[in-house]
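Residue numbers (the working numbering), protein chains in the order written: chain A, 595 to 835; chain C, 595 to 835.
Just so you know, these hints were derived from the structure itself, not from any lab.
Honestly, I wouldn't trust all of these hints.
To be verified - Result set (DMTMM-like, lysine to aspartate or glutamate): computed pairs, CA atoms no more than 25 Å apart in a straight line:
| no. | chain 1 | residue 1 | chain 2 | residue 2 |
| --- | --- | --- | --- | --- |
| 1 | C | K628 | C | E758 |
| 2 | A | K814 | C | E722 |
| 3 | A | K809 | C | E782 |
| 4 | C | K809 | A | E661 |
| 5 | C | K636 | C | D651 |
| 6 | C | K809 | C | E722 |
| 7 | C | K814 | A | D731 |
| 8 | A | K809 | C | D772 |
| 9 | A | K628 | A | E704 |
| 10 | C | K809 | A | D813 |
| 11 | A | K809 | C | E692 |
| 12 | A | K809 | C | D735 |
| 13 | C | K809 | A | E704 |
| 14 | A | K628 | A | D600 |
| 15 | A | K809 | C | D651 |
| 16 | A | K636 | C | E722 |
| 17 | C | K809 | C | E782 |
| 18 | A | K809 | C | E699 |
| 19 | C | K628 | A | D731 |
| 20 | C | K809 | A | D731 |
Remember, it's a predicted structure, so these values are computed and weren't measured experimentally.
2 protein chains.
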Amino acid sequence: MTTIFDRIRIVLIATSHPGNIGAAARAMKTMGCKRLVLVSPKSYPDADATARASGADDVLANAIVCENLEQALSGCHYVFGLSARQRTIPWPQMSPRECARYAAEQDSAEIALVFGREHSGLTNDELEACHYHVQIDANPDYASLNLAAAVQILCYEMRMASLEQVAPKDNSLPAPVDELERFFVHLEQVIVEVEFLNPEQPGYIMRRLRRLYTKAQPDKQDINILRGVLSAVQRGRRNNT
Amino acid sequence: MTTIFDRIRIVLIATSHPGNIGAAARAMKTMGCKRLVLVSPKSYPDADATARASGADDVLANAIVCENLEQALSGCHYVFGLSARQRTIPWPQMSPRECARYAAEQDSAEIALVFGREHSGLTNDELEACHYHVQIDANPDYASLNLAAAVQILCYEMRMASLEQVAPKDNSLPAPVDELERFFVHLEQVIVEVEFLNPEQPGYIMRRLRRLYTKAQPDKQDINILRGVLSAVQRGRRNNT
Numbered sequence: 595m596t597t598i599f600d601r602i603r604i605v606l607i608a609t610s611h612p613g614n615i616g617a618a619a620r621a622m623k624t625m626g627c628k629r630l631v632l633v634s635p636k637s638y639p640d641a642d643a644t645a646r647a648s649g650a651d652d653v654l655a656n657a658i659v660c661e662n663l664e665q666a667l668s669g670c671h672y673v674f675g676l677s678a679r680q681r682t683i684p685w686p687q688m689s690p691r692e693c694a695r696y697a698a699e700q701d702s703a704e705i706a707l708v709f710g711r712e713h714s715g716l717t718n719d720e721l722e723a724c725h726y727h728v729q730i731d732a733n734p735d736y737a738s739l740n741l742a743a744a745v746q747i748l749c750y751e752m753r754m755a756s757l758e759q760v761a762p763k764d765n766s767l768p769a770p771v772d773e774l775e776r777f778f779v780h781l782e783q784v785i786v787e788v789e790f791l792n793p794e795q796p797g798y799i800m801r802r803l804r805r806l807y808t809k810a811q812p813d814k815q816d817i818n819i820l821r822g823v824l825s826a827v828q829r830g831r832r833n834n835t
Numbered sequence: 595m596t597t598i599f600d601r602i603r604i605v606l607i608a609t610s611h612p613g614n615i616g617a618a619a620r621a622m623k624t625m626g627c628k629r630l631v632l633v634s635p636k637s638y639p640d641a642d643a644t645a646r647a648s649g650a651d652d653v654l655a656n657a658i659v660c661e662n663l664e665q666a667l668s669g670c671h672y673v674f675g676l677s678a679r680q681r682t683i684p685w686p687q688m689s690p691r692e693c694a695r696y697a698a699e700q701d702s703a704e705i706a707l708v709f710g711r712e713h714s715g716l717t718n719d720e721l722e723a724c725h726y727h728v729q730i731d732a733n734p735d736y737a738s739l740n741l742a743a744a745v746q747i748l749c750y751e752m753r754m755a756s757l758e759q760v761a762p763k764d765n766s767l768p769a770p771v772d773e774l775e776r777f778f779v780h781l782e783q784v785i786v787e788v789e790f791l792n793p794e795q796p797g798y799i800m801r802r803l804r805r806l807y808t809k810a811q812p813d814k815q816d817i818n819i820l821r822g823v824l825s826a827v828q829r830g831r832r833n834n835t
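Could you put together the complete structure from these sequences and hints?
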C-alpha cells in the first residue's frame, strides 16, 4: 500500500549546519516521511548529521544530493516553499494545514516541500519556483523556528492530513444504562445508611452525583468496583451492630 | 489582553540533557508560549541550555524549578500528559489537536502540559496525575520524537487552536488538582478502612478509581459532596465501635 509519504520529498537548500540535516531526518522519520533531497549542502555527509539523525540514518543513507533546485524538483507536480518572510509581491499562500490537506487530496501527485537556508531562508527566485508560499504562523516577536522544527511541523501536518479520512476510535463501551441505574439505587441506599443523605430530600445531592458519574462513563468493571466499595461499607456497618 | 499562553505552563520532568531544555524554550517561544516549569532537571542552569535556547533566553530566565510534579501542577485545572507509550489501563486519550482545542475552549482555566524524561517518558504515577494522556501520532516503526520536537508540535497546536477560537465556552471549572489529590488520599483511606482495598496492593483498584474520577472532572462542590460521603462513612464506623 502506498502512503502520502511515498510521494513527498523534503528539499533542504544549502543547509549550513550538518547537525540540522540529521535533526530534519529524524523529524521526518518520526512522522513516516522518508525522501530527503539536499541541494548544495555545505557539508555532507558529516558525522554531526549522523549523530543528530539518531535512528533515522536510513533517511540520510537514501538522501539524494543535487546541485540546484531545478534538479531537486524534477518530476514534481506541486511544490510548496516554506518561508517566514513576507514578500513585496505576495505569492499564493497556504498555512501548513492547508498545504497538507491539499497535498493529501492530490492523489498520486508528486509533492515537494522546500526549506531554505538557516539564516536567510529562500531567495525570491527560489520561492517563485514554488506553487505556494507556506508560512508557519509564529510569534511575531520571535519567529525563529529551528530548521528541523519547521520540518517537524510540516511532516506532522502531512501525517495528520493522511489520517483524517480514517479515524475510527475503539474506546471500550461504557456500562449499559440499566447497570448505571442499579448503581445509583445502591449508592443512594448507602449514603442514606451512613446518614449523609436525608432520604426525605435526596434531590440536589443525588442530582450532582448522577451528573458526576454519568460524565465519567464508567464501564462494567468500574461499576463492579464502585458497587464493591458500597457493599464493603454496608458489610462493615452490619458487622459492627 | 490575555492569550491562551498566559494560562499554559510547559512542565518538563527530570530532563537529562540541558540542551533539550534550551531547545524546548526556543520551540515554546516561537509559538508565543512562555511559562516553563522544570521538575528536578539533571543540570540547570547550564551553558548548553542557554546556547540551544538561542533568542529564547527570557523563557529560561523565567523558568520555575520544582522538586516534584505535585508542586509543578499546583493550581492547575487541566493537566495533559504527553506520552508515546500505551498503558495497561488506558487513560482518557486525546490527540494534540483535540487537546489544544479543548484547552482553548476552557476560558480562564490554568493548563499544564507535562513532558517526561527523554528516554523513559512518564511513569504510570505521573500519567495518573494528568486528566488526559496525549499521544502524538507517529511512525510506529520510529516514534522517537526529540523532546523539543514534541514541545514544538504541542505549542504549535495551541497556537493554531487559539487562532481558530471564536466563542469560548464558559464551563464551570473543575476542582484544582491539589483538591482532587486530597480526595484520592481520603478515598483510599476509607476503602482500606472498610476492608475493600488491601493496603499492601492498592495498585489496580486505585488506578481505576483515579481514572474514573479524573474523567468525571468533579468541581469544588462535587468534591465537597464526595468527601462528605467519605467522612459520613468514617463517622458511622467510629460511632459503632
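Exercise for review: If any of the earlier hints don't hold here, list their numbers in rising order.
Suggested key: Of the numbered hints, 4, 7, 12, 13, 15, 16 and 20 do not hold.
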